[in-house]
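Engineer: Please model the complete structure; the sequences and the hints are all you need to start from.
Top to bottom, those sequences are chains W and F.
Note that our numbering numbers the first sequence so that position 388 is 395, with each residue one more than the last.
Note that our numbering numbers the second sequence so that position 70 is 740, with each residue one more than the last.
Any given hint could be a false lead.
As the list claims (entries may be wrong) - Stretches of chain F that chain W covers, calculated by requiring three or more beta carbons in the stretch to come under 8 Å of a beta carbon on chain W:
1. 694 to 702
2. 758 to 765
3. 908 to 919
4. 928 to 936
Unchecked claim - To give an idea of the chain F side of the interface with chain W (calculated C-beta under 10 Å), a few residues:
5. Thr714
6. Asp750
7. Lys752
8. Gly754
9. Ala837
10. Phe940
11. Asp941
12. Ala945
Said to hold, decoys possible - Here are the computed distance ranges between Cβ atoms for each label pair:
13. Val687(F) / Ser173(W): 55 to 61 Å
14. Asp142(W) / Asn722(F): 16 to 22 Å
15. Ser699(F) / Gly383(W): 25 to 31 Å
16. Arg277(W) / Leu684(F): 56 to 62 Å
17. Gly510(W) / Asn722(F): 45 to 51 Å
18. Leu161(W) / Phe732(F): 47 to 53 Å
19. Ile816(F) / Gly126(W): 53 to 59 Å
20. Thr307(W) / Pro766(F): 53 to 59 Å
Hints in this document: simulated from the structure, not taken from any laboratory.
Remember, it's a predicted structure, so these values are computed and weren't measured experimentally.
Cβ coordinates follow ideal geometry from the N, Cα and C atoms, glycine included.
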Amino acid sequence: MNTQVITPITFKGRLRHHATAAIATLSIAAFAALSPISTAFADTLRMYTPSDPASLDPAFFGTTTDVYLMNNTMPRLQTMALGDEWKLVNDVAETVDLSDPANITFKLKEGLQWANGYGELTAEDVKYSFERHKDPELGSYIAGEFDALIEVELTGKYSGIIRLDSPSVPMWQLTIAWTGGVIVSKKEAMENGGKLPLPPKATLNAYTFAEFAPGERIVLKADPNWRGETPDFDEVVMIPVSDTNAAEIAFSAGELDFLPTTASTTEQLRKQWGDEATITQLPTIDFTWLGINAQHPNLTDPKLRRAIQLAIDFETLVDVTYEGMEVDRATGFAAPGVVGHREANLYGHDPEAARALIQEAGLEGQTVEIQVANYGLRSTQAQLIQAYLSAVGLNAEINAMDEATYWDLSAFPTTDRQITLKTWFGNPEVMYALSTFTEAGFDGWNWEGYASEEYDALMAQAYETPDPVERGAIYVKMQDMLEEAGTHSFVLNGPNTIVTRKGIVPGHWPDGRPVFHAFKKVE
Amino acid sequence: MLLFCLKRVSLGVLIVVLAVSTLYVMLLSAPGDPVSMMLGPRSTPEMVAALNARLGLDQPFFVQIWLFLKGALTGDLGQDIKTGRDVFTSIMEQLPHTLRLVCAALLIAAGLGIPLGCYSALHPNSWVDRLSGIISVSVIAMPSLILAIYGMILFSVQLRWLPAIGAGDKGDFLDQLHHLILPAVAVGIGWVGYLARLVRAAMLEVMAEDYILNARAYGLPERWVVYRYALRLAVAPTITVLGIGVGFMLGGAVFAEIIFARPGIGKMMFDGVVARNYPITMGVVLVSTILMVATVTLSDIINAMIDPRLRKAQE
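Structural biologist: Written out as structure tokens, the structure reads:
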């Protein structure tokens with residue numbers, strides 16, 4: 008049956024048709040008028056951050072956002088200088104005496120006020136901030152970093168002595184002048200059962216919290232009590248964006264002014280944004296290395312481990328996976344400019360020597376497993392490593408895991424780990440990484456199964472060596488030992504890419520970590 | 671009718687308990703330890719054990735499931751492993767954003783799909799019908815993720831008509847609506863095509879019935895014939911599909927919230943799974959399951975109200 012309906016044309020029908028078209032046109036025009044506007048010269052700095060903050064309490068921090076926020080809202084005795092060089096400058100400390108690494112004397116600047124009526128910063132806050140990490144009731148995630156702390160002895164309202172049970176130069180660089188050394192308001196922490204709330208009200212830096220909407224944004228406002236130069240930007244809006252590509256699109260749409268992004272897209276971004284943005288590649292102190300587990304039954308033979316080191320052309324690996332960027336292979340955990348930086352690796356690419364070692368050991372066709380987390384460039388790098396190992400007669404398999412599963416390898420016995428490719432966030436004090444490789448870490452984070460009494464002795468010596476040149480020499484020796492053992496091959500330090508809208512000059516640490524009060528507007 | 675509703679609701683509760691328990695087992699069975707991730711390389715085995723005990727993660731999995739379900743009855747979904755915040759509070763903060771997104775997507779899907787399907791059915795084989803058929807199948811086939819990204823590039827980057835990320839300023843309805851358009855279209859557009867085809871097919875079938883011819887023969891206005899008699903029956907399968915569609919849209923909300931950096935429980939769940947944040951993941955799973963079951967149950971009840979035959983068959 009034919010069900011086609013013939014609708015007569017009526018006045019009402021024509022009116023309805025025209026009204027619908029008019030409404031649609033007006034709607035489109037209205038939404039076009041509500042377009043976002045670039046605020047490159049407005050008072051708000053908009054930036055992306057990978058996630059919501061987890062905690063701004065130094066005892067429980069865990070995310071990049073936590074670090075950004077603490078660096079810009081909370082005080083330390085000393086902090087990193089802006090620019091290209093890793094050096095410490097006084098923050099809330101007027102003086103710091105590091106000449107005796109077991110007894111660090113400090114004096115605070117006077118008259119510094121916590122925001123929101125939490126009173127003046129005193130040495131009591133410093134004492135509380137550091138000693139609380141040793142309280143088992145608190146359950147501080149970084150309690151281990153304060154193992155050497157005996158107490159903070161108060162010598163005055165604004166002065167004290169940080170007493171350690173043994174000299175620990177790295178504790179200063181690694182903990183007290185880094186994120187773990189953030190000072191909290193004792194008054195606010197006590198009001199909240201010993202922990203800082205999120206967000207904390209008692210801040211003492213250029214910015215304080217104006218708004219925190221989980222999943223939406225974090226808004227900082229310039230603190231009128233800020234002791235430094237008035238920031239160019241009254242307000243900083245941080246928008247959590249899980250996906251870096253989405254953040255790059257948002258930057259293109261004019262909704263972000265500052266964007267730390269993945270280094271691998273730098274060349275593509277330069278072509279895309281050209282004159283609209285300033286794209287800066289920065290070295291970082293993060294480190295990526297290939298670990299070869301000496302405790303795994305397949306890898307106990309030192310000749311095999313050496314062969315693996317010689318088989319891989321790390322320079323080409325880095326060039327290929329960071330195409331178009333000026334990136335060199337790392338020579339150790341210590342990046343250029345950091346105490347302990349090595350000038351060169353001990354072993355380079357020598358596939359012939361690798362084949363010879365494998366044949367000598369009678370291990371042709373030996374199966375080894377490359378374990379990587381399947382994010383970013385890891386899978387590509389794993390495939391290249393697999394190809395290099397296959398070329399010298401090894402049967403290399405790749406086990407790519409999601410990130411949580413990958414890091415969970417630390418919870419399993421050492422014999423579950425073989426060849427791993429890892430990146431850790433760095434620190435200007437490379438002891439952070441070096442102290443991992445002891446026998447105690449076999450069933451933990453020492454995935455390479457490395458242990459040596461000589462190495463342990465050098466580590467103890469480094470703790471007590473305040474002179475950076477002497478300490479650096481010790482670190483170089485320790486890294487030499489790791490590479491010589493065939494358990495470590497260093498791959499990369501960073502890099503990092505930061506993007507800023509034209510008309511804004513960013514203020515940052517040498518690795519690009521933003522310092523908001525140092526951002527400048529330029530014509 | 672009351673008995674029908676009670677039966678449906680009881681079944682819904684059972685489904686929620688089974689689904690949540692099953693998913694909890696799967697989550698706990700997956701490799702990955704949140705405590706190791708949180709504490710990082712400088713942790714000691716003692717620290718890991720202490721934190722596991724504090725978070726209740728050292729209990730056998732059936733004890734954890736039981737404690738979770740028991741707590742859920744009183745609204746206590748535990749604490750976020752990373753932030754220590756109450757999970758229920760966190761979910762209630764984010765849930766309205768997801769509901770807004772899903773409702774908007776549903777409105778787009780139904781608001782465009784049903785009229786399009788009606789029009790196509792009333793003008794079969796016309797150029798509009800043919801064009802809508804092509805477009806419908808195309809949007810069904812195209813992954814929503816691609817639509818979302820290209821939509822951002824076109825409307826946010828090139829034209830600067832619509833914002834790319836965020837949910838808009840609090841309290842500013844127009845701004846929030848502005849921010850909702852692109853994500854809602856990305857989530858709902860596939861369903862426009864699907865519903866259009868479904869309604870078209872159902873309408874064509876119903877319009878061919880004798881009682882429609884009878885109604886026309888009585889001289890009833892065409893509008894009455896179409897909307898009061900034909901569409902009422904043709905839309906019944908659509909309501910059922912929409913009920914199931916809400917579940918798919920909740921899933922679509924996950925990617926939309928990630929791509930468009932919108933707050934919501936979809937993004938919460940994604941972040942929770944990646945970080946093995948069990949309380950957050952299970953809290954969101956519970957809420958999502960309840961929403962899904964409630965929507966399907968509601969669509970069944972609405973269908974029974976529209977079509978008495980269904981309710982009599984069930985009772």
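Engineer: Now, for every hint given, state plainly whether the structure supports it.
Structural biologist: Hints, verified against the model:
Beta-carbon proximity to chain W at under 8 Å applies to 3 residues in the region 694 to 702 of chain F; the threshold of 3 is reached and the given coverage holds. Counting residues of the region 758 to 765 of chain F whose CB lies closer than 8 Å to any CB of chain W gives 3, which reaches the minimum of 3, so the coverage claim holds. With a threshold of 8 Å between beta carbons, the proposed coverage of the region 908 to 919 of chain F by chain W is violated, since 0 of its residues qualify and at least three are required. Coverage of the region 928 to 936 of chain F by chain W holds in this model, with 7 residues showing a Cβ closer than 8 Å to a Cβ of that chain against a need of three.
Checking Thr714(F) against chain W by beta carbon gives a least distance of about 6 Å; that is within 10 Å, so the hint holds. Against a cut-off of 10 Å between C-beta atoms, the interface hint on Asp750(F) holds, since the closest Cβ of chain W lies about 9 Å away. Taking 10 Å as the C-beta contact cut-off toward chain W, the hint placing Lys752(F) at the interface holds, the least distance being around 4 Å. Proximity of Gly754(F) to chain W holds as hinted, the smallest CB-CB distance being about 7 Å (cut-off 10 Å).
For Ala837(F), the interface hint holds, the least distance from its beta-carbon to any beta-carbon of chain W being 6 Å, beneath 10 Å. Given the 10 Å rule on beta carbons, the hint for Phe940(F) holds: about 7 Å separates it from the nearest Cβ of chain W. The interface hint given for Asp941(F) holds, since its Cβ lies 7 Å from the closest Cβ of chain W, which is under the 10 Å cut-off. Interface restraint check: Ala945(F) against chain W, minimum CB-CB distance 7 Å, threshold 10 Å, status holds.
A hinted range of 55 to 61 Å for the beta carbons of Val687(F) and Ser173(W) is consistent with their spacing of about 56 Å. Taking the beta carbon of each, Asp142(W) and Asn722(F) are about 19 Å apart, inside 16 to 22 Å as hinted. At roughly 27 Å, the beta-carbon separation of Ser699(F) and Gly383(W) lies within the given 25 to 31 Å, and the hint holds. A beta carbon spacing of about 58 Å between Arg277(W) and Leu684(F) agrees with the range 56 to 62 Å that was offered as a hint.
Checked against the hint of 45 to 51 Å, the pair Gly510(W) and Asn722(F) passes, with Cβ atoms roughly 50 Å apart. For the pair Leu161(W) and Phe732(F), the beta carbons lie near 52 Å from each other, so the given range of 47 to 53 Å is met. Between Ile816(F) and Gly126(W) the C-beta distance comes to about 55 Å, which sits within the given range of 53 to 59 Å. Distance hint for Thr307(W) and Pro766(F): a CB-CB separation of about 58 Å, consistent with the stated range 53 to 59 Å.
Consistency note: the structure conflicts with earlier hint 3 alone.
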